[in-house]
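Q: Fit chain to chain and form the complex, with the hints in mind.
Chains as they are written, first to last, in this note's numbering: chain A, 1 to 413; chain B, 1 to 399.
Some clues are possibly wrong.
The calculated BS3-like cross-link candidates involving lysine-lysine, where the alpha carbons are at most 25 Å apart (straight line), are [unchecked claim]:
(1) Lys394/A x Lys309/B
(2) Lys395/B x Lys267/A
(3) Lys61/B x Lys309/B
(4) Lys272/A x Lys293/B
(5) Lys394/A x Lys26/B
(6) Lys293/B x Lys267/A
(7) Lys272/A x Lys194/B
(8) Lys391/B x Lys272/A
(9) Lys26/B x Lys370/A
(10) Lys370/A x Lys20/B
(11) Lys277/B x Lys106/B
(12) Lys293/B x Lys194/B
Hint data in this document are derived by calculation from the structure and do not stem from the laboratory.
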Amino acid sequence: MHLKKIKCYFKFCNYYLLYWYFFFVFANNIFIILMIGVVRLKNQYGTTPYFIEYIIHRLKLFTFGQFFNLIIIIRLILLKIGWDNMAVEIKLPPVLEIIRGNIVKNGNPLALKGSEVAAWAKDLKLSSQGDLLFYTGGEYQLLPYIDSLVSTMTVMDQGSKVFSFMMGARNLINKTGINAEKIYASVLAKDRERFNSISYKAAVILQKLGYDLCYSGDKELYSGALLTELGFNIDMQTYAHKVSKVFRESKAKTIVCLSPHAAEVLKFVYPKLVQDFNYTIKTFVELIWEKRSNLPQISLNKTVVIHDSCRLAREMEITEELRDILNSMGVSFQEASSNRQWTTCCGGPNKLLYPELSHTIAARRINELKETDADIILTSCPYCLAALLGGQTKDDNTIIEDLIEYLYRGFEA
Amino acid sequence: MTDLQKEFNSYSKDITMASKDENIEKAISRAVKSYRQTTAESLERFPHTPELAAEVREIKKTSIANQQALLKQAMESVERNKGKAFYAKDKQEALILAAKIIGTGKTIVKGKSMLGEELSLREYLQEQGNDVWETDLGEFILQLNKERPMHILSPSIHVPRERVAEIFTKFFAKEVPPDIAQEVAAVRDFMREKYFNADVGISGANVVAADTGAMVIIENEGNVRLATGAPPVHIVMVGIEKIVPTFQEAMKVTEVTWRYAQYGVPGYVNIISGPSKTGDIEKVTTYGAHGPKEFYVIFVDNGRSTMAKQDDYKAALHCLRCGGCMYECPVFQITAGHFGHIYMSGIGAVWTAFVAGGMEKAAPLVFTCLRCGRCVERCPMQINVPSMVQKLREKIVNG
Ligand code: SF4
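Only chain B is shown next, with the shape it has when bound in the complex (with noise of 0.2 Å):
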C-alpha cells in the first residue's frame, strides 16, 4: 500500500523549509529578472522565432506519432556513420550497457543532462569503480557539494558565490577568493587535465536527427566540446523522445531551443555524428584522428514510449528542456528544485511520474502545482501541463 501521507509529509517540510530560504529567493527572483528580460530582448531581436516554435511543435508532434520508426531510423544512421548504437528499455538497462562500454577504473568526463540525473548515471559509475566528473559549471559545484539540481539549466542556480569559494577553498585544498572570474579560472585549471586524461567522454544530446545521425548538444561553456572531443570514447546519452526526423528540422528545434533557453546565441553548438575519421593518407578512411576512436548512442526509452501511447500525456513528450516554464512558476520562484523530483515545476511532475520515480514521487508534485497556467504562456510547445496535472489528480486519487 501506498501511503501518500508520508511522501506528502516530508515532501511538505522540504518544500516549506526551502520557501523560507533566503539564498533560494535572492538568486531565484535575479534569476527570473535576467531571463525576462533576454528572452524579451532575443525575441523582439529575432522576431521569427514564435513562428518558428509553432513549427517546431508539428515537428515534434509528428515525431512522437512516429517515435519507434525514427529510433530504428537513428539507430542505423549511427551505425552507418560508423558507431554503435543501442536501445536501452528502462534505467537499469541503459546503465548495464553503459557500464559494459566503460568498465572499471577509468577516468569519465561528464557534460550535464537531465537524462543522467533520471539514471543517477554518475553513481552509478562511482559505485563501479569508475572517477567522474561532471564539466559543467554548476553540476561540479553540486558534484562537490553533494547536492541536486535546482533548476534544469542552471542546476546551482541558488548556490551564491560566496558560498562557491567556500567549497572550491576546501576542494582544491588552496584559498579561492569569492570572486566569480578567479573561481571560474580554478575549475578550468583543474578541468583541462582532466578532459586530456579522460578515458571516456559522456554527454546527452538535445536533439537527434534520424535521417543523419547526428546528435546536436547546445552549450555556453565549451566543456562538451572537450568532453566530447578530448577523450578516446564517447558515448552519448539520449532520451528517444529528442529524435526528429531530418537534420534541417532538428536546426530548428535546437534555435527555439536555445532561444528560450536564454542563451541570446549560445557559444557553441556541437553536432556530432560519428567517430573522428581522416582519409587524408591515400583516401584510407582510418578512425580516430584527433577525436574519439569509438562512438556510441544509447537510446534510452525508460517510459518514454508508454507516454507516448497515452494522448493526455504525450504532448509532454514535446518537451526542449528550455526552463522557461520553469522562470514562470510561482512555485518554483520560492522554491527552485525542491518542487520536483529529478524533474521539476509542473512539467517535472508529469516526467517524474513516468520516468523518474512514478506516481509516488510525483504526487506531492501534482498536489502543489496551482494550475495558474502561466506556465503554458511561456512554453514554446504550448505544452499544457494544467489539464495534464488534472488528470495525474485523477489518477492518483481513482487509484
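Next up, chain A with everything else stripped away, as it sits in the complex (with noise of 0.2 Å):
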C-alpha cells in the first residue's frame, strides 16, 4: 500500500497530520507577507502617526509567527525520524490492498461484474422484492477465480515493484505479464460451471421446500466480511451503507445467508455499523432444518462425514442441524475426531497471505476426516469447500461436497 493510498482513504491516520502541518507553516508565512505588504502601503499612501508603533506591533506578530513555524517545523522533523510513534507509516503487503480496492471499488473481492456473480439465477426468474431474500454474496461463484489470482501470486515476487502495480484482478497491468484475462481464462469452465451451479441448486432446493425467495440479481454486493476480518474496518463503515441499501430495496424482513461467513458480518456487525438494521439473518443451514420433514430420503451407499466450518459450529452455534438434517434423509454419516465446536480449521483464511501454509493445513484436515473412512466430505461453507478441494492430492478420490450439492440429489428431476 502506498502512501497516497494511506492518506485518501485512512482520513485518521496520522500521516495526515503531516499534511495539515505543512499546510499550516506555509499559510502562516503568507500571512506574515501579506501583512508586511499592508504595511508597506500604509507607508506610501498616507502616514498613520502611530507608524513607529505599528511596525514594531507588526514585527513582534512576525516573530511570534516564526516561533510557531519553528514548533511545527521541529514537529516535522521528529515525525520523520519517527520519535513520535503516531509517525509510523506501515507497507502492507499488497494482495491486502487488492482484496480491499477491489469490495470497495467492485462490490466483491475480485472485481467480478455484477452480471457475471448473477449469471446462475437467469432462469429462475425470482422477484427482486419479498420477504425472504436469497443472500449468495457472490462467494460461491468466485471461488474458482480465488486459486487462480492465489496461484498468479504465488509464482510472484510478493515485495517486487510490478506486483504493487497490481490493483485488482481485473485491472491487472499487461505489463507485469499477467492480465486479468489469463487469470479469468486459466479458471476451467467445469470448475466455473460447478460453482456457479450451487447457488442455483441452494434457491431450487430452498423453492421446492416451499420457500418465496427474493433476489437482488446483478445489484448484489458481497457482504465485506472479508474488510472486517482483514482489519479495514474503516472501510467497512462506508461500504456496509452500500450493501444495506440493496437489502432495503428487496423490502425484505428475512435475509438467508448461504456463506456463514455472510450470516456472521450480517448478524454481529452491520448492526453496529448501519442503523436500523433490523433483518432476521439466517443460514441456508436453518432454514434446511426448520423444515427437515419435508426433507426427501437420499440412498446413495456411501458414508458421509461432517466438517463443520468454524464460523458455523462456533460463532453461530450451529452444529446439530446438520446432523438432524442427515438423519431425516436417511443418511448414515461418521463423527469425526475433531469435530462440532472441536472442529479443525480448513486453513482457508490465510490462503491470501500464506498460499502454502493453508494448503498443508487443508491437507491435514483432510486426513483427521478420512481417518472415519468416510466417502464423502461434507462441509456448509464456500470456503472450507475451496480450501479442502484445494488441500487435497491428486489421487484421493474421497468426494468434498457442499451440504447444497447433496442434498439437491434428492430434488433433481
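A: If you want it as C-alpha cells, here you go:
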C-alpha cells in the first residue's frame, strides 16, 4: 500500500497530520508576508501617526509567527525520524490492498461484474422484492477465481514493484505479463460451472421446500466480511451502508445467507454500523433444518463425514442442525474426532497471504476427516469447500461436497 | 517507514519451511494427542476444574484491574520477608537491575521462564561475562543447539531423541546413546555439579501472592528446587501480571494452571517467599541457613501496564501460560514456535505486539492467525484471541 493510498483512505491515519502541518507553515508565512505588504502600502499612501509603533507591533507578530513555525518544523522533524510513534507508516503486503480495493470499488473481492455473479439465476426468474431475500454474496461464484489469483501470486514475488501496481484482478496491468483475462481464462469451465451452480441448487432446494425467495440479481454486493476480517474497519463503515441499501430495496424482513461468513457479519457487525438494521439473519442450513420433515430420502450407499465449519460451529453454534438434516434424510454419517465446537479449521482464512501454509493445513484436515473412512466429506461453507478441495491430493478419490450439492440429489428431476 | 512486506517475506519463508518439516509434524502430532488425552483424563479425575477456572478468571480480572496497588503490596511483602523487591519499567531496566545484582564472572543456574526469553536474559548475562546454564532439560538442549523455544512449556518439543543424542555426544565429548533415560542421566550428572557451584539461581514464577509475597513455581523436573535452593543468591524475575491478591487465590490459579498445562499433578510446586533463615540458636533469626542468603524479586512491566489499560487487549494478561491453546491451533500444529516471535500462536501475537517486539514483529503473526476460535474453546481463561487479532489488524491497517 502506498503513502498516497493511506492518505486518501485513512483520514484518521496520522500521516494525514503531516500534510496539515505543511499547510499551516505555508499559510502562516503567507499571512506574515501579506501583513508586511499592508504595512508598506500604508506607509506609501498616507502616514499614520503611530507608524513606528505599528511596525513594531507587526514585527512582534512576525516573530511570534516564526516561533510558531519553528515548533511545527521541529515536530515535523521528529515525525520524520520516527521519534513520535504516531508517525509509523506501514506498508502492507499488496494482496491485502487488492482485495480491499476490489471490494470497495467493485462490490466483490475479485472485481467480478454483477452480471457474472448473478448469471446462475437467469432461468429462475426470481423477483427482486419479497419477504425472504436469498443472499449469495457472490461467494460460491468467486471461488474458482480466488484459487487462480492465489496461484498467480505464489509464482510472483509479492514484494516486487510490479506486484504493487496490481489493483484488482480485473485491472492487472498488462505490462506485468499476467493479465486479468488470463486469470479468468485459466479457470476451468467445469469449475466455473460447478461453483456457479451451487447458488442455483440452493435456490431450487429452498423453493421446493416452499420458501418464497427474492434476489437482488446483478445489484447484489459482497458482504464485506473480508474487510472486517482483514482489519479494514474504516472502509467497512461506508461499505456496509452501500450493501444495506441493496437489502433495503428488496423490502425483505429475513435474509438467508449461503455463506456462514456473510451470516456472521450481517448478524454481528452490521447492526453496529447501520442504523435500524433489523433483519432476521438465517443461514441456509437453518432454513433447511426448519423444514427437515419434508426432506426427501437419499440413498447413495456412500458414507458421509461432516466437516463443521468454524464460523457455523463456534460463532453461530450450528452443529446439531446438520446432523438432524442428515438423519431426516436417512443418511448414515460418521463423526470426525475433531468435530462440532472442536472442529479443525480448513486453513482457508490465511490462503491469501500464506497460500502454501494454508494448503498444508487443508491437507491435514482432510487426513483427519479420512480417518473415519467416509466416502464423502460434507461442508457448508464456500471457503471450507474451496480450501479442502485445494488441499486434496490428486490420487485421493474422496468426494468433497457442499451440503447444498449433496441435498440437491434429492430434489433433482 | 515500516515496510511490513519485508517482515512478511522472511517470516513467510520460515513458516512455510516449518510446515514441511517432518520432525515438527511427527513431534507435534504426538504431543497434541497426548495433551488432549491427559487433559481429558485429568479433567475427568478432577471434575471441579472448570468451575475453579471460572473463579480464576474473576481473580485475574480483578488483579489486572488493581495491578498497581497489588504491585505495591507485593513489593512491600517481599521486603518485609527480608527480600529485596525491584520494579523494572522495561527490558533495559530489568536487565540492568539483574546485572547489578549479579555482576560478572559468576556461574548462574536458570529455570525456564518465558519472561527470560522476552528479555533475552541468558544472552545478556553471558555478554556480561557470566556462565549461564539453563537447567530445564528442554531449554538446555536448545541452549546447546543455539535455538529458540518452540513451545512455551516444552521448548524442545521438535527435537527427537536421536538429535538430542548427537547434541549431547558432541557437548559432553563422550558417547551418549539415543536412549531417553541415558540422555536424562547425562544431564543430571552434569547439572548437579553446576547447582552446587553456582553463585546465583534465577527463576520466574507462575503466580505471586501479594499479601504474603509468595512466589509459586510449578515444575516436574526438580531443577527449579535445586536452582533456587542451592546457590547463595536467588533472583526471581516475574511479570507484574502474575500478581494476585492473596495466597489462597494464588493456590487456585496454580491448580488451574497445572491442570491445563498437562501436568496432571505436578511433581513439585515451589513456594518461596524470602531468603532462607533459622532461629534455632537462641531464637536469633539468622539468614542464609541451607538455602539462599539473598533473595531478590524483579517485577517486570515492559508494556504490561499499557496493555492493562486497553480494554480490547487487557484480557490477554489473564493468560496462565498453560500452553493449551497452542495444541489446538491448526497453524501451530504444523509449524510449532515458528508461528511466533518469542511468544507463540494467537495469544503470542497479542503478547508480541505489546511486550516482545512490537507491531512490526507481530504483524505477520497477526495475519497468520486463522481466527478459527478453537483456542478459545480450550483456554481456561476464555481469552478471546480472535477478536484481539482482529483489533490488531485494524491497528496495523490504520497505522
Ligand atoms: S491463552 Fe489460554 S490456553 Fe493459551 S496459554 Fe494462555 S491461558 Fe493457556
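Q: Find the hints from earlier in the document that the structure breaks and name them by number, from lowest to highest.
A: The structure conflicts with hints 1, 4, 6 and 7, although it agrees with all the remaining ones.
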